[in-house]
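> Sequence order for the protein chains is A and B. The working numbering puts the first residue of the first sequence at 1, with every later residue one more than the last. The working numbering puts the first residue of the second sequence at 1001, with every later residue one more than the last.
Incorrect hints may appear among the rest.
[Stated by the list, open to error] Computed far set for chain B versus chain A, every beta-carbon distance over 10 Å:
no., residue
1, Leu1043
2, Pro1082
3, Leu1210
4, Asp1249
5, Ile1265
[What the hints assert, rightly or not] So the derived list for chain A, only partly shown, Cβ under 8 Å to chain B, looks like this:
no., residue
6, Phe137
7, Glu138
8, Arg229
[To be verified] Footprint (simulated), chain B over chain A, 3 or more residues, beta carbon under 8 Å:
no., region
9, 65-74
10, 87-98
11, 148-162
Keep in mind the hints are simulated off the structure, nothing from the lab. For each residue, glycine too, the CB sits at the ideal point set by N, CA and C.
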Amino acid sequence: MTPDLPGPLDALTGDATDATEATEASAGERPGETPTALDRIGGPNADETLLTVDDVSLAYGDARVLDSVSLSVESGEFVGLVGPNGAGKTTLLEAISGVLTPDAGSVSVGGQTVQALSSRAASRLVATVPQDTTVAFEFAVEDVVEMGRTPYYGRFSGDAGATEAVERALDRTETAQFRDRSVASLSGGERQRVVLARALAQETPVLLLDEPTASLDVNHQVRTLELVRDLVDADGKAALAAIHDLDLAARFCDRLAVLADGDLLAVGPPADVLTRDHLGTAFDTDAAILPNPATGTPAVTPLSSPSDLDLSVHVVGTGPATARTIAVLAAAGASVTVGAVPSGDVAATTARELAAETVTAPAFAALDADVEARSRDLLAGADAVALVEPADPPLQALARDHDALVRVVGDPDALEDADGATAGPDEFERSRDLPDPVCPETVLAGVRRALERPVEADD
Amino acid sequence: MNVRTRAAGWSAGLAVVLVVVVLVSATIGPVRVALPAVARATLNAVGIPTGVGVASGTVALFGATVSVPVPDLSYTYLFSFPVENTDETIVRGIRLPRIVLGATVGFALAAAGTVMQGFFRNPMADPSIIGVSSGAAVGAVATIALSFSGPFSIQAAAFLGAVVTAFAVYLVATDGGRTPVATLLLAGVAIQTFLGAMVSYLLLQAGESLEQALYWLMGRLHNAGWSDVAVTFPVALVCFVVLAAYARDLNVLLLGEEDAHTLGIEVERTKRILLAVSSIATAAAVAVAGAIGFVGLVVPHMMRLVVGPDHRILLPTSAIAGAAFLVATDTVARSGPVEVPVGIVTAALGAPFFLYLLRTREVHSL
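Please model the entire structure based on the sequences and the hints provided.
Here it is in structure tokens:
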């Protein structure tokens, strides 16, 4: 290492250190101590806005990439930036980190405008985990993590906090065990953690991640996001991550921001933001949004082809499979009615969210006459009926009154017995009486089939 | 810290190798001088500058002679061991200036080559990649062909040509305050081709001085004197110190410019400094020694294999290894029955080694 060697040109060009120190001095800071920016701004418990993106616009030549984007992220908050390819996610992240300078608007971290700072000062406030983490040269893991200390490194004085910060970052990301290995020899997931460690060594209040899970397998995707979640919760960082996978984004982020065509379409809790409307506008696709049975967070299922099922379908059944059926049909454009369904059932919740007309009954009670009558009305008015099995006998009886009936099953075991249920078109004939599994394609195919050839006398 | 220790250890080891190479080289020649006598004479030659005076030199330009002031350093010599007079004259007066100049040139070229390879993230980069050598060649060949004369006139013209070319390439490649590395590379290639054409034309016009011009182009260290060393060594040393101060920044730049920016490097400013300083170092070396190829390309590669990619270790070790390499190859160049330009020897040894590297090592990035 040669930081102590004098560099005559520094005197000519004005070294960055001077500018940084001036900035720090104005913030009431003694230069020698190199406290983390987080300490400076208020520590983990300050539940305040750390990152403010204010009315940022940016164009490449004539192509406007960001159009008056405003967004804020608080301490201890993890915000996911979602949107289609080319929506401007990376551009927004680069405008925040200072790599790009916005044409209009400003980005500030803890009250300091990023664009007005030297890149050295800015990189003490914002750390970035880039999309591409490949390192062409064979640096040891520890050396790469130590590069995160660059913003604290005086050309002539070194960095007193380096060793401690690097150890902490290696520990935190569980990369210490391969600290001496070359980054080039690591797997994608390991390298991702090393680059995350590098960002941690920067000890910034704001952490930006560009597609942190893009090239990882399922296990490493979840581990990476869990780690970010933990950093946000325990250290009070503000994290903003561009994430492709909407389900993962919904699961790990406090809020999601949908970016489409350089515009923020919606910002809010995942359940509010991941709606058919927003996704339809942003991604130009139809998607079913169903609660994930394991995590309870919204799960997005894009439909293979955007369809316009100009029909009314009545759904009978209970439980998650029914909820999915409702969502699939609603997403496909059908006007869905539901009932009777127990009021607390997930199917009832889904029906409410998708604005379907629903007949609810008290849970665990027999159908009373009024409920049954109203259900029959809805059923009779529908073009087709979807019966989600297994269903209680009264519900089954209700559904079988309709000519165009499609039976749907949510239980995978039942699927295996009923061989051919997922088979190709020529086998539909043979399996007509078998229930279809709940997935968008089969439900829609089933409804269409039921309408084409109404079930005559259903045994 | 760890890196500091490793850098110091490797550098010290290579410095010992350099000293041995220098001493052995000084024993070799038409007259063999015993090693102890060489060692004593070499120590006697170690001097520190203690005073600056002004001497006057003359510059002849199109027949007219102009007198110009030339700085004149006086030295204090630290040792005076008894050495036989002829040995002292041979070693100190003839061989050492050439050896020390060779070491200085190798040192500067290898340091600049290391920086250029890191800067361009391209293993094919060498110190002349942005046209420094071509510019120097135009300056030198023009001076020789058009028969200017004066103290250091060839060297001064070569240095000027080199610096002007590097600056021109930089200007061509810079747009809106940014200098994309790829543009720089291509602009360098284009301008080198153009300057190559100019050199060819000048050679056609050279007439009787054609041989001298060709010798310059091949790169040679013969007729080197202490005055060459006195001019080149300080420039090379200062450039090296600046580059070494930026070794850490260069490491971070290897991650890519956007990463470097988010890690707090002022990317464009750092690039400017690295480019300017390594171009000056190259220009200073090429001006006195001609276009010596492959030192700046092969030595950094060899050292990267040994010490790894960290420039805090790679830069000083490459520079010292470059010095030893050029002294050794120049010894080969002058110890045959007929002296050949050292550029031929470095290329003849360097090219096969480079091909070997290409065949055995995966080239990670281009």
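> Run every hint past the structure and note whether it holds.
Evaluated hints:
For leucine 1043/B, the non-interface assignment is confirmed: its Cβ lies about 27 Å from the closest Cβ of chain A, beyond the 10 Å cut-off. Taking the minimum C-beta to C-beta distance to chain A, about 38 Å, the non-interface status of proline 1082/B holds against the 10 Å cut. Listed as a non-interface residue, leucine 1210/B keeps its Cβ farther than 10 Å from every Cβ of chain A; the least gap is roughly 40 Å. Distance to chain A contradicts aspartate 1249/B as a non-interface residue, since its nearest Cβ pair spans about 8 Å, not more than 10 Å.
Non-interface status of isoleucine 1265/B relative to chain A is broken: a Cβ of that chain comes within 10 Å, the nearest being about 6 Å off. The closest approach between the C-beta of phenylalanine 137/A and any C-beta of chain B is roughly 4 Å, which is under the 8 Å cut-off, so the hint is satisfied. For glutamate 138/A, the interface hint holds, the least distance from its beta-carbon to any beta-carbon of chain B being 6 Å, beneath 8 Å. Below 8 Å, beta-carbon pairs count as interface contacts, and arginine 229/A has none with chain B, the closest being about 22 Å; its hint is therefore violated.
Look at the region 65-74 of chain A against chain B: 0 of its residues bring a Cβ nearer than 8 Å to a Cβ of that chain, fewer than three, so the hint is violated. Using a Cβ-Cβ cut-off of 8 Å, 3 residues of the region 87-98 of chain A lie near chain B, which meets the minimum of three, so the contact claim holds. Only residues whose C-beta sits within less than 8 Å of a C-beta in chain B count toward coverage, and the region 148-162 of chain A has 6 of them, enough to reach three; the restraint holds.
Going down the numbered hints, you'll see the structure goes against 4, 5, 8 and 9, while the others check out.
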